[in-house]
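Those protein sequences? They're chains H and B, same order as listed. If you're matching positions, the first sequence starts at 100 in our numbering and goes up one per residue. If you're matching positions, the second sequence starts at 520 in our numbering and goes up one per residue.
Hint data in this document are derived by calculation from the structure and do not stem from the laboratory. Computed from a predicted structure; not experimentally measured. Note that CB positions come from ideal geometry on N, CA and C, so glycine has one too. There could be a bad hint or two in this list.
Stated by the list, open to error - SDA-like mimics (lysine to any residue), calculated; alpha carbons at most 25 Å apart, straight line: (1) H/Lys-183 - B/Ala-537; (2) H/Lys-359 - B/Ala-537; (3) H/Lys-183 - B/Val-575; (4) H/Lys-359 - H/Phe-224; (5) H/Lys-359 - B/Ala-538; (6) H/Lys-401 - B/Val-575; (7) H/Lys-133 - H/Glu-121; (8) H/Lys-359 - H/Asp-427; (9) H/Lys-183 - B/Glu-527; (10) H/Lys-133 - H/Ala-402; (11) H/Lys-183 - B/Asp-560; (12) H/Lys-284 - H/Glu-490.
Said to hold, decoys possible - One-sided excerpt, in silico: chain H residues whose CB lies under 10 Å from chain B: (13) Val-201; (14) Lys-284; (15) Ser-448.
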Amino acid sequence: VTSAAAPYFPMRRTCPFSPPPEYAELRRTAPVAKVSLPNGQDAWVVTRYDDVRELLNDPRISSDRSRPGYPFLTKELEYLREIKVFVGMDPPEHGPHRRMFVPEFTAARIRALRPSIESYVEECFDRMEALHREHGVVDLVTELALPVPTRAIGELLGVPPADLPRFHALTADLLSPGDNPSVFKELVAFMHSLVAGKHADPTPDLLGRVAAGYVATGDLQQHELTLISLLLLLAGYETTANMISLGALLLLREEELTAKLRANPEFAPRYVNEMLRYFTVAELATCRTALADIEIGGVLIKAGEGVIPLGLAADHDPEVFPDPDRFDPFREGPRHLAFGHGPHQCLGSHLARLELETVFAALPRRLPALRLAVPLAEIQFKPETALYGAERLPVTWESR
Amino acid sequence: MRLTVDTERCIASGECVAALPEVFRQDDSEGYAETYREPSDTQYETVRRAAAGCPVQAIRLD
Numbered sequence: 100v101t102s103a104a105a106p107y108f109p110m111r112r113t114c115p116f117s118p119p120p121e122y123a124e125l126r127r128t129a130p131v132a133k134v135s136l137p138n139g140q141d142a143w144v145v146t147r148y149d150d151v152r153e154l155l156n157d158p159r160i161s162s163d164r165s166r167p168g169y170p171f172l173t174k175e176l177e178y179l180r181e182i183k184v185f186v187g188m189d190p191p192e193h194g195p196h197r198r199m200f201v202p203e204f205t206a207a208r209i210r211a212l213r214p215s216i217e218s219y220v221e222e223c224f225d226r227m228e229a230l231h232r233e234h235g236v237v238d239l240v241t242e243l244a245l246p247v248p249t250r251a252i253g254e255l256l257g258v259p260p261a262d263l264p265r266f267h268a269l270t271a272d273l274l275s276p277g278d279n280p281s282v283f284k285e286l287v288a289f290m291h292s293l294v295a296g297k298h299a300d301p302t303p304d305l306l307g308r309v310a311a312g313y314v315a316t317g318d319l320q321q322h323e324l325t326l327i328s329l330l331l332l333l334a335g336y337e338t339t340a341n342m343i344s345l346g347a348l349l350l351l352r353e354e355e356l357t358a359k360l361r362a363n364p365e366f367a368p369r370y371v372n373e374m375l376r377y378f379t380v381a382e383l384a385t386c387r388t389a390l391a392d393i394e395i396g397g398v399l400i401k402a403g404e405g406v407i408p409l410g411l412a413a414d415h416d417p418e419v420f421p422d423p424d425r426f427d428p429f430r431e432g433p434r435h436l437a438f439g440h441g442p443h444q445c446l447g448s449h450l451a452r453l454e455l456e457t458v459f460a461a462l463p464r465r466l467p468a469l470r471l472a473v474p475l476a477e478i479q480f481k482p483e484t485a486l487y488g489a490e491r492l493p494v495t496w497e498s499r
Numbered sequence: 520m521r522l523t524v525d526t527e528r529c530i531a532s533g534e535c536v537a538a539l540p541e542v543f544r545q546d547d548s549e550g551y552a553e554t555y556r557e558p559s560d561t562q563y564e565t566v567r568r569a570a571a572g573c574p575v576q577a578i579r580l581d
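Can you build the whole structure from these sequences, using the hints too?
Below, the structure written as C-alpha cells:
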C-alpha cells in the first residue's frame, strides 16, 4: 500500500443521522485500511465491531500521545504530546493514576447527583419558556445542551455556588473562542485557584477528596490535579452537549417514538443508550499507536504505526446491529462502543447517562410541540476534526 | 457455573452492575466490581452478556 493511494482522514458525515458514507465501504472491502492524516502522516483505521473491540483491549497498543506515530488529527491537539495525565498513560503507570479518580465516578456516587441535576434541568426548561415568550425562538444548544453538563461537572468537581456563573461563562466561551481569545488561559487560572482552595480546605467533593487523599500525601502534584480537572471538563462537557443537541434533533424526526417516550419517561435509559450508539460522537478520541506488530483483519499493523479504531463505524456494523441506521431504542444487541472499550473506557459514562436520561425524560413532557425554527439544511454542524455536534439549534413551539 | 471477577483487570466501569444489579455490585470505597449473590439459572444469559460486555474482560464464567 502506498501512501499516495491512502484515502484522506478524518472523513465527514454528510448527514447528521448517519456515519460518513465511506465507513460502510471500508468495512466491506478494507476493514483495516491505511489512511492519510491532515499532517501528512499515515495511520490505520478499523471499522468492524469485533476488530475495534479487540484492538481497544489489546495490551500491544498505546495511548501515549508522546509516541512519534501517534495519530493527531489536528495541529491544535498536538499540545497533548506534552501533557501527561492518565488518559495518555499505558500500564503500569495508567492504573494507579486512573484509580485516584475511579471512586468519584461509580454509579452510586453519580446517583447522589441526581436530585440536583433533575432540578437544574427543570430550571433550564423554565428559562427556555421565558425566552420563548419574549423572543419566539430559543437556541437549544445555549440554553440546554451546554449548561446541563457544565452544571453537572461543576457539582461533581465542587465548584462553589458563588463561582458557578463564572464557570458557566468560561465554558460557554470555550466553544467560541472568537468571542474571548484568552478563554483557555482564564479557565486554567480558574481551575488553578479552585484546586488551590480545595487543597487548603478540602470539601466533600471530587477535588476536595483527591486533594486530601493524594495531593496532601505528595502522590499527585497540585498542578497535575489542575490539569486533570480541565481534562475532566473537556471530556465531559462538549461530548454530552453534542448528545443533547443531536438527541433532540433525532426526537424531532422520530415522532412516534417521541410520543412513546412522552407517555413512558421510564424508557429514557433505553432511548439514551440507543442515541449513544447511533451518534457515537467521540469516536475520534480513541487514537492509538501500535507497540508491536499486530495482525488483525488480515492486515499487519507494524510497531510504531498509528491506529484509529472507529467506534462509530463499529456501532453501525450491520453484522452486530442489524439495520444499523435505524434508531430503535428497543433493539437488543451487545454493548455499543460510544464510551470506548478497554482500560481507557470513559470514566464519566454514568454521569453522561444520568444527564442525558434526565434531559430526555423531561424534554417530551416540557416541550411537547417542539420543532425546528429553521429548515434542517440550515443547521450548522461542527467540523469532523472535533467532536460531532450542532453549533446552534434554533427551536420554537406553539404555546399551549 | 462458576462466576469470578478479576479485580486486577477490573476498571470499575460499572457495566456489569448496570447489566445485572441482582448479582454484581461496585464496592463502596474503590468502585471495583464484585459478585454478592449467586446467579440463578434463569439469569445465565444475562450473566453471559455482562461478561461479554465487560470492557476489559474481567468477568470469567467457568
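Measure nothing beyond the straight line between the CA atoms of H/Lys-359 and H/Phe-224; if it is 25 Å or shorter, mark the hint as holding. Between H/Lys-359 and H/Phe-224 the Cα gap is close to 20 Å, so the pair holds against 25 Å.
Do the alpha carbons of H/Lys-401 and B/Val-575 lie within 25 Å of each other, as the hint requires? holds, 24 Å
Taking only the CA atoms, is the gap from H/Lys-183 to B/Asp-560 under or equal to 25 Å? violated, 46 Å
May I ask you to test the interface hint for H/Ser-448 with respect to chain B, counting a Cβ-Cβ separation under 10 Å as satisfied? holds, 7 Å
Is H/Lys-284 within 25 Å of H/Glu-490, Cα to Cα? Holds, at roughly 23 Å.
Please verify whether H/Lys-133 and H/Glu-121 have alpha carbons no more than 25 Å apart. Holds, at about 13 Å.
Would the hint linking H/Lys-359 and B/Ala-537 be met if the CA-CA limit is 25 Å? holds, 23 Å
Are the Cα atoms of H/Lys-183 and B/Glu-527 separated by 25 Å or less? holds, 23 Å
Hint check: H/Lys-133 vs H/Ala-402, CA-CA at most 25 Å. Holds or violated? At roughly 14 Å apart (the allowed maximum being 25 Å), H/Ala-402 and H/Lys-133 satisfy the hint.
Please work out if H/Lys-359 and B/Ala-538 have their alpha carbons no farther apart than 25 Å. holds, 23 Å
Going by Cβ atoms only, is H/Lys-284 closer than 10 Å to chain B? violated, 33 Å
Quick one, are H/Lys-183 and B/Ala-537 close enough, alpha carbons at most 25 Å? violated, 31 Å
In summary, the structure is inconsistent with hints 1, 11 and 14 from the numbered list given earlier, while agreeing with the others.
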